[in-house]
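Those sequence lines, one after another, are chains A and B.
Just so you know, the first sequence maps onto residues 518 to 617 in the numbering used here.
Just so you know, the second sequence maps onto residues -2 to 309 in the numbering used here.
Keep in mind that the hints were calculated from the coordinates and are not lab data.
Since we're looking at a predicted model, the values are computed, not measured.
Ideal Cβ placement from N, Cα and C applies to all residues, glycine included.
One or more of the hints may lead you astray.
What follows is a set of in silico ranges between Cβ atoms, one per label pair, in the way DEER data are often shown [what the hints assert, rightly or not]: (1) B/E273 with A/E540: 16 to 22 Å; (2) A/T551 with B/W301: 43 to 49 Å; (3) B/E115 with A/E594: 39 to 45 Å; (4) B/L60 with A/F605: 49 to 55 Å; (5) A/I552 with B/G80: 54 to 60 Å.
Calculated Cβ distances over 10 Å to all of chain A for the following chain B residues [stated by the list, open to error]: (6) P51; (7) L76; (8) G80; (9) G81; (10) V112; (11) W148; (12) L179; (13) F218; (14) L220; (15) A239; (16) P272; (17) W301; (18) W306.
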Amino acid sequence: MTMHVRKLLTVVTEAGLERRLVEDLRQLGARGWTITDARGQGHRGKRALDWEYEGNIRLEVICEESLAERLASHFREHYYQDYAMILFLQDVEVLRPEKF
Amino acid sequence: MGALDPVVLFFMLGMAAGLARSELRLPPAVYEFVSLILLLAIGMKGGVQLATQPLGALLFDSLLVILMGLLLPLMAFPLLRVGGLPRADAASIAAHYGSVSVGTFAVALSYLLEVGLEHEPFMPLFVVLLEVPAIFVGIMLARGGSSRTRWGELTREVLLGKSVVLLLGGLLIGWIAGPVGLAGIDGLFFDLFKGVLAIFLLEMGLIASRHLDGALRHGPFLLAWGLLAPPVMAVIGLGFAALMGLSTGGAVLLATLAASASYIAAPAAMRTAVPEANPALSLTASLAITFPFNIFFGIPLYHWMANHWPGG
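Between the sequences and the hints, there should be enough to build the whole structure, so can you do that?
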């Protein structure tokens, strides 16, 4: 079984940004992503999820390294200053490289 | 002033449970559901009675209400600036206070029911009309109309927000169906209104309790603002009510709307349009200070003020 290396980009941010992030993903050419509700605590305060504008989301995208880096720098440029957001990249192995 | 409306006791319960760090938590879907019922019920109640009114006569009053929605944030902004807040924060708080809280309106409706005061049927229409203008004024105050603002997207977001869609939708449904048509569903929306409001307030108490530490942390100005701005804005509301010739009940509702601060539509819009404003400041003021103030003291106070209005 051959495994192929791709990048997994994970973004944890405010739920209110979801629509804009999805729009960015489309425009920059991501082919698929997964969004889940999240809660936790960071230096911008506790994010409790039990009220619509306090919630967080976790966005995961698996893609080519170049796209992952473009997405990461786009998000950093547009959202880091004013919004609660962290993101990180990891190598992951996938079975069907054409999907990502 | 009348006796304490039992529904506000639910707010106290939620607040107390939250402060005591109780295990009590409502699933987010419950909050969503009860606020949906409240919004639709308020809309439909207005719509049913609008069906019996000549709509043309409402046009002048509607314009006055929109004018009030523009005026309130414009008056709040310089005061907030004098209080030492940065431009973005002052603009955001001005937008919150110019816009309205449907939850506070619902408590005022319940209060009028308790004390047996009638009000004009078209008040829910004013809730919709007041919700939006202040948000745009707030964005203009922060941005000065700069090109960085994506107005199209923003307009869509504000006009298609949950509260506007459900209130307007309810108004239309009530208007089209009329009292007879709604007979089959009034059990859920009207008979259960106070019970649903009680659950809503329980959750609001829990939410407010989490913002309470912020009310103290952000200093005396924000606390003073959250307590003093509502009665002053209520006086403006009563002035507009007098201009329109509203009944005492209607005047109490308009004063309550003027005094209330948004915690749903305005926070979402401001987060998008003025992201550099600190959302904790405006939410703390509107949720943890002004909302409790209005439901406990404000509404009875505005009732008293309406009774003592010169010439009223």
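Structure-based check of all given hints:
1. B/E273 with A/E540: 16 to 22 Å: Since B/E273 and A/E540 have Cβ atoms about 21 Å apart, the given range 16 to 22 Å holds.
2. A/T551 with B/W301: 43 to 49 Å: At 55 Å between Cβs, range violated.
3. B/E115 with A/E594: 39 to 45 Å: violated (57 Å)
4. B/L60 with A/F605: 49 to 55 Å: holds (53 Å)
5. A/I552 with B/G80: 54 to 60 Å: Cβ of A/I552 to Cβ of B/G80: about 39 Å, so the range 54 to 60 Å is violated.
6. P51: holds (38 Å)
7. L76: Check passes; 25 Å lies beyond 10 Å.
8. G80: holds (22 Å)
9. G81: holds (21 Å)
10. V112: Nearest chain A Cβ is 31 Å from B/V112, so the label holds.
11. W148: holds (15 Å)
12. L179: holds (28 Å)
13. F218: holds (20 Å)
14. L220: Non-interface label stands for B/L220: nearest chain A Cβ at 19 Å, farther than 10 Å.
15. A239: holds (36 Å)
16. P272: Contrary to the label, B/P272 does not stay out of reach of chain A, its closest Cβ about 3 Å off (not over 10 Å).
17. W301: Given a closest Cβ separation of 33 Å, the condition holds.
18. W306: holds (36 Å)
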